[in-house]
Structures are given as C-alpha cells and as structure tokens.
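Can you build the whole structure from these sequences, using the hints too?
Read in the numbering used here, the sequence shown has 59 at position 59, and its numbers run on one by one without any break.
It is worth saying that the hints were derived from the structure and are not from the lab.
Positions of the beta carbon are idealized from the N, C-alpha and C atoms, including for glycine.
A hint or two may mislead.
With a Cα cut of at most 25 Å, we get these calculated BS3-like pairs of lysine-lysine [unchecked claim]:
no.: 1; residue 1: K16; residue 2: K208
no.: 2; residue 1: K17; residue 2: K63
no.: 3; residue 1: K82; residue 2: K63
no.: 4; residue 1: K82; residue 2: K71
Pair by pair, the computed Cβ-Cβ distance ranges are [said to hold, decoys possible]:
no.: 5; residue 1: R180; residue 2: H70; range: 37 to 45 Å
no.: 6; residue 1: K117; residue 2: A45; range: 38 to 46 Å
no.: 7; residue 1: N171; residue 2: K66; range: 52 to 60 Å
no.: 8; residue 1: K66; residue 2: R167; range: 34 to 42 Å
no.: 9; residue 1: E189; residue 2: H70; range: 39 to 47 Å
no.: 10; residue 1: K117; residue 2: D47; range: 35 to 43 Å
no.: 11; residue 1: I109; residue 2: H25; range: 23 to 31 Å
no.: 12; residue 1: D106; residue 2: N171; range: 32 to 40 Å
no.: 13; residue 1: A45; residue 2: R93; range: 20 to 28 Å
no.: 14; residue 1: R90; residue 2: N141; range: 26 to 34 Å
no.: 15; residue 1: S113; residue 2: F69; range: 21 to 29 Å
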Amino acid sequence: MNHNALILANGEPPTKKLLRQLRTHAALFVCADGGANAAARYNVAPDAIVGDMDSIQRQVLRKFHKVVFHKVVDDYSTDLEKTLAWVIERGSRDIAVVGATGGRLDHFIGNLSAMVKFSAKAAIRFIDDAGEWVFADRSINPNFPVGATVSLIPLTRCEGVVTTGLRWNLNFETLELGVREGTSNEVVENPVRVSVANGSLILFHLFKSTAARKMRRTGR
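Here is the structure:
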C-alpha cells in the first residue's frame, strides 16, 4: 500500500503497528498539528508538522525540534485542510490519512468534507484499524478481497450510481442521506467498479480481520 504522503491528523490515533506500517510505504510523513502528539508517543518522527500549532504539546515541540514546522494561521481552514494543501503543493497526489476517523463525530464529518474539497487535486483515503474511506469521484475501480464488506455513503444527493462486482449492484440509481444509503454490501468479484454521475459519494471498505473479530465477539 504505497502512498506519496502519509498524514497523521489529530483525531483518534491509529495503532502503533498501523502507523509504522503506513510510514514504511510513504515518501513523506506529515503531522497535522496535534497529530504530532501521537507520533511522539509512538516515537515515529514526522518529516514536517503543519497547522496553527495550538494543539501540539510543549514536550512534543522539544522532542521534534529538528522537524520542519510550517505554521499556518487561518481561521477558515482546519489543520487537516492546511496539511493537505501543504503536501499537495509539494507534489503529493496519493495521500493516506490516519487519525481522521473516530472520536468526535463533528470532526470526522468535517474531515470527510476536507477529503471532498481536495479530491480534484489528489487521491485521498482515510485509513484506520477498522477499514478505509475512499472518495468515489466519478469512477473508481478498487480491488478488494472477495467477501469483503463495503458501504456506499452519499454525502450529498448522488445520482446515476452504478456498481459492478458487488452482491447487490446498482444500475443508475440514486443514493441520498435520509432516503437511501448503500450499507454493508459484499464483494463477489474484482475489480469492483463504482461510478456516480453527480454528487459526493464515499466508499467504506471494512478490513476482513476487523469483521472476523466482530463475528467472534458476537458468536456468529
């Protein structure tokens, strides 16, 4: 899973194992402000720290004193948006973001909005220990394990949604929050194809190991 850039946001942090794994495959590792606090706990030094620097702890500033700091004072953008803009300006076009999910729901929704805002400039995916979130754009063709669970979440009214490779495919149909979503579908063949004519559609892929742990807990 190679990425031009890896961003650690200031949400619920990933496990140390996941962060180190993604760091190995990223050419550039950047923390969004307070995301550096988790990086310090895991002893994984970033290449840069971007944001307004109001969330980073003093001891972390001391620990990472040799790291590049890029302070951006802008009340109209979040630290994740500032960081996405910074790495894209430096040529990153394939970006993995951790620490953007979980925790406060309002922050997570805001982070999804940031994904959409920058989707025309880079392929951005949010990854946590449960799964990954991908912006569908106009058309994507991901390869997921057969049997994997995927969900289609419309952030806006999504028209002309077409899918192939899923157990329950859509054929130029409409998804809209409060009306119809596409939760808990199943991959039956690859590649999966998802396209949308109009609207902002997010695809969530549940990692198989996570689903297996859930089944063991519930006794299924």
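Verification of the hints:
Distance hint between K16 and K208 is fulfilled; the C-alpha atoms sit about 19 Å from each other, no more than 25 Å. For the hint pairing K17 with K63, the CA-to-CA distance comes to about 21 Å; that is within 25 Å, so the pair holds. Of the pairs offered as hints, the one joining K82 and K63 holds, with about 22 Å between alpha carbons and a cut-off of 25 Å not exceeded. Using a Cα cut-off of 25 Å, the hinted pair K82 and K71 holds, with the two alpha carbons roughly 9 Å apart.
One distance hint, 37 to 45 Å for the beta-carbon pair R180 and H70, holds here, with the actual separation near 42 Å. Checked against the given bound of 38 to 46 Å, the beta carbons of K117 and A45, roughly 28 Å apart, lie outside it. Separated by about 55 Å at the C-beta atoms, N171 and K66 satisfy the suggested range of 52 to 60 Å. Distance hint for K66 and R167: a CB-CB separation of about 51 Å, inconsistent with the stated range 34 to 42 Å.
At roughly 44 Å, the beta-carbon separation of E189 and H70 lies within the given 39 to 47 Å, and the hint holds. Range check, K117 to D47: Cβ separation about 23 Å, and the 35 to 43 Å hint is violated. With their beta carbons about 28 Å apart, I109 and H25 fall inside the hinted range of 23 to 31 Å. Distance hint for D106 and N171: a CB-CB separation of about 35 Å, consistent with the stated range 32 to 40 Å.
Between A45 and R93 the C-beta distance comes to about 24 Å, which sits within the given range of 20 to 28 Å. Range check, R90 to N141: about 27 Å between beta-carbon atoms, so the 26 to 34 Å window is met. At roughly 26 Å, the beta carbons of S113 and F69 sit within the given window of 21 to 29 Å.
This entry does not satisfy hints 6, 8, 10, going by the numbered hints stated previously.
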